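Colleague: Generate coordinates for the entire structure from the input sequences, incorporating the hints supplied.
Heads up: the sequence shown begins at 12 in the working numbering, then just goes up one per residue.
Rather than coming from a laboratory, the hints here were simulated on the basis of the structure. Do not take every clue at face value.
[Unchecked claim] DSSO-like mimics (lysine-lysine), calculated; alpha carbons at most 27 Å apart, straight line:
hint: 1; residue 1: 437; residue 2: 422
hint: 2; residue 1: 195; residue 2: 225
hint: 3; residue 1: 437; residue 2: 396
hint: 4; residue 1: 469; residue 2: 396
hint: 5; residue 1: 108; residue 2: 195
hint: 6; residue 1: 279; residue 2: 108
hint: 7; residue 1: 279; residue 2: 245
[Claimed, not checked] Restraint-style ranges between C-beta atoms, simulated for each label pair:
hint: 8; residue 1: 436; residue 2: 503; range: 53 to 59 Å
hint: 9; residue 1: 322; residue 2: 151; range: 51 to 57 Å
hint: 10; residue 1: 469; residue 2: 315; range: 34 to 40 Å
hint: 11; residue 1: 110; residue 2: 413; range: 47 to 53 Å
hint: 12; residue 1: 169; residue 2: 297; range: 33 to 39 Å
hint: 13; residue 1: 196; residue 2: 817; range: 49 to 55 Å
hint: 14; residue 1: 204; residue 2: 179; range: 27 to 33 Å
Keep in mind it's a predicted model, so treat the numbers as computed, not measured. The C-beta atom is built at its ideal place from N, Cα and C for all residues, glycine as well.
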Amino acid sequence: MPKSFFNQEGSGFLDNKSAIWQVESEYLGRVVRIVLEQIAIAESKAQDRLTDATLERQWMFENATHRVGLDDDWAELMFQIRDTHRREQEYDLVQKKADRLHLMAATPFFGRFDFREHGYALGEVFYVGLYSLTDPDSGSFLVCDWRAPVCSMYYDYEPGLAGYHCQAGAISGELTLKRQFVIKNGLLKGMFDSNLHIADRFLQDVLAQNAGQKMHAIVASIQREQNAAIRDDKHDILVVQGAAGSGKTSVALQRAAYLLYHHRAELKAHQIVAFLPTYLLTEYTSGVLPELGEENIRQTTFYDYACRRTALPEDAAETPFEQQECMMAESNRLTDPVSEHVLRRRRASIHYKSGQQFETLLTNYLDYLHCSWQPWVDVYFRGEKIISARQISRLIHEDFACLPLLVRIEKARIRIMILISPIIRKAAAEIRELRRQESTGAEILSEGVRQQLSQDLKQLREELSIWASYDLLALYTELFANKELFDRLLPVEGEGEGVQEEARLLTAKNVSNGKVFYEDLPALLYLKNALQGVPDVRHVRHLIIDEAQNYTWMQLRALAVEFPQASLTMLGDPRQEIGAGLLQRPPVADRDGGPTRTAEAFAPRQSAHIELTKRYRSTWEIARFSGALADPPETGSSIERRGILPLLVRVTTKKGETGVMGRLLTRRILDLFGEGFGSVAVLCRKADTCRGIYQSIGAGLAEAGKDMGGGQSVLDGGQSVSAQLVLNDDRSIKAPLLVMPVYLASGMEFDAVIVPEVGCYHVGERRTLYTVCTRALHRLYLYTEGETPELLRTIDPEYYSVTDLIDC
12 MPKSFFNQEG SGFLDNKSAI WQVESEYLGR VVRIVLEQIA IAESKAQDRL TDATLERQWM
72 FENATHRVGL DDDWAELMFQ IRDTHRREQE YDLVQKKADR LHLMAATPFF GRFDFREHGY
132 ALGEVFYVGL YSLTDPDSGS FLVCDWRAPV CSMYYDYEPG LAGYHCQAGA ISGELTLKRQ
192 FVIKNGLLKG MFDSNLHIAD RFLQDVLAQN AGQKMHAIVA SIQREQNAAI RDDKHDILVV
252 QGAAGSGKTS VALQRAAYLL YHHRAELKAH QIVAFLPTYL LTEYTSGVLP ELGEENIRQT
312 TFYDYACRRT ALPEDAAETP FEQQECMMAE SNRLTDPVSE HVLRRRRASI HYKSGQQFET
372 LLTNYLDYLH CSWQPWVDVY FRGEKIISAR QISRLIHEDF ACLPLLVRIE KARIRIMILI
432 SPIIRKAAAE IRELRRQEST GAEILSEGVR QQLSQDLKQL REELSIWASY DLLALYTELF
492 ANKELFDRLL PVEGEGEGVQ EEARLLTAKN VSNGKVFYED LPALLYLKNA LQGVPDVRHV
552 RHLIIDEAQN YTWMQLRALA VEFPQASLTM LGDPRQEIGA GLLQRPPVAD RDGGPTRTAE
612 AFAPRQSAHI ELTKRYRSTW EIARFSGALA DPPETGSSIE RRGILPLLVR VTTKKGETGV
672 MGRLLTRRIL DLFGEGFGSV AVLCRKADTC RGIYQSIGAG LAEAGKDMGG GQSVLDGGQS
732 VSAQLVLNDD RSIKAPLLVM PVYLASGMEF DAVIVPEVGC YHVGERRTLY TVCTRALHRL
792 YLYTEGETPE LLRTIDPEYY SVTDLIDC
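Modeller: See below:
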């Protein structure tokens, strides 16, 4: 952090020679000493548990396999296994405590507040940190966990009247002091008595740091509106709407940590599932919860989850990124070498299958399947009529009518097997009677009867199993391949006939070839649950859906059916919608902030909407520029962290000149790394552009320094610069320089963002370009060939600077 921030006098800043500084330093020293003592105790206990477990495992390996033979030996072995498992669990718990204490030793706390409850003459002092710490002698709290109810006041109030809610009810009083600390490696580096002005300046310095390859916890700088979202536990559904850089993803993870803390007895980390847009983002956020002392929650993407649940063959389903490429081709079809006819049909498929009318079609199809299912014949066993087709139909359509179809059929099958049990018992008695007759002929006869019974049972089971067997993809294909059925099931009010027919024709052809479009996945998951029933997902207690603005109605409905009992946190920003106008997506929030269409997909449940209006990611200049580009324009505020204006570079090349853009981008990249920035992203509109840019940059880096291969070069000054091309859903960031399509950058942030070919974004892709620009923390560069693109001409020219490069 800048030295000037901590060396200012007045305005709440406390001098390092003051008496208050001395008192706080002594308290910090005492806390650090206790932490170090507890680390030594925890590590000693951990080592003892590990040694015991290792010795016991070694004993079992050397002795158990030679001794087991009698029941007593087995009992002893099972006891030994359980005891070893218990010691290993104890080791894990103690080691996790030691890990938390190590983190705490570096920064035991980050804040303090003094609170006097109404009716009491004396107040209490609370220090706030990542974890709680008690005095081993008195048992009093030296540091309080930031998630404790009382600590909500630290985030929600400035000095003055304050209060909080706990199990005892509402507590009110006066906040007499609020102080923030900067502690590094157990040493006090800065502190100030906080007010709104100072808190903003503290945030500016925190946010001025470079981005890393991992997201970090933000508990020291949580703002009041973020705190409200993190601590809400009164609603089944919480919808958080916020501008780019308002901290939505951080809030989601901090909220998960809060829920795990307050519901520890009934909620575990594996019971929370987060749906994120890419696995790159799951890797980027994977360090947040462990930093907060919690295990990582389950993280997945909708694509991966739906493919796994529907058990589709490998590579049968199109990825969301392939769908995005198709949507981009449709947006710019005049320059893309793709058949306009095929694209029109694909557009119809994507549009129609994302909306509520398609759900109505699927519901009608399910009703048709339920009503049309009939057993073929009466069921006979060994010549005896067990049950008539009419009785089976009554079981399916009346007795078990409240259950999914395949569950009904299974219950009917079980009922039939129960009905034949008297016949089986009679045959078994006959076999026993024959075996009692001590003769070779009786023995042969009994074996023949037994084999015949077994064969008859096998045949019946096979016949009944055919009832419940189904091919999900075949059922889905039938809906689209059968035009008469499709037209009959269409809702009366809906899309134009042309759109529906285009979608039907394309889907029938694609699915008959064993392929599934990405927009078909929600429907397949929806049908599977309706036919087979939802899996035992009671262990999933809470869902997190990030970047909810990019979820279609059918995706949300599929998840609502899949997790009927789970509470939900949804986060999104309608201004960052990619593919706007093509997909039918419910808005993240209504304009009046009331109940949202997004939440309606999970109705009926109690829902709340919180809006995060302040942007913290980008410099003030980048936030102003991207805010003007937003659709609709941003009206919220941004942190007053000053930087330089975004730069538009207009390039005019000589006729026949090639490779100019690559050389210019390489030069810019080298300058940025030379300035000390740690992460740079070149964000392109399409994958093909990424490939060309990556090759050009790789050649430029090799020309500028020593080529190390794999996109890595060492420059003359010894600095290593490596590039990574990200086209698919990579699971890790391996280089400080990334070249990737914009749709893979959702939720990510970089020190600097470079946008080549900004002129390729047309007016309909305003939100996509807004998403690109808001990935930048400190620098934003836009390159175009020729004049200023139409999208940028709508922005006040004072919001960005322009450089012309002619005949370069």
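Colleague: Among all the numbered hints in the text so far, which are the ones the structure does not match?
Modeller: none
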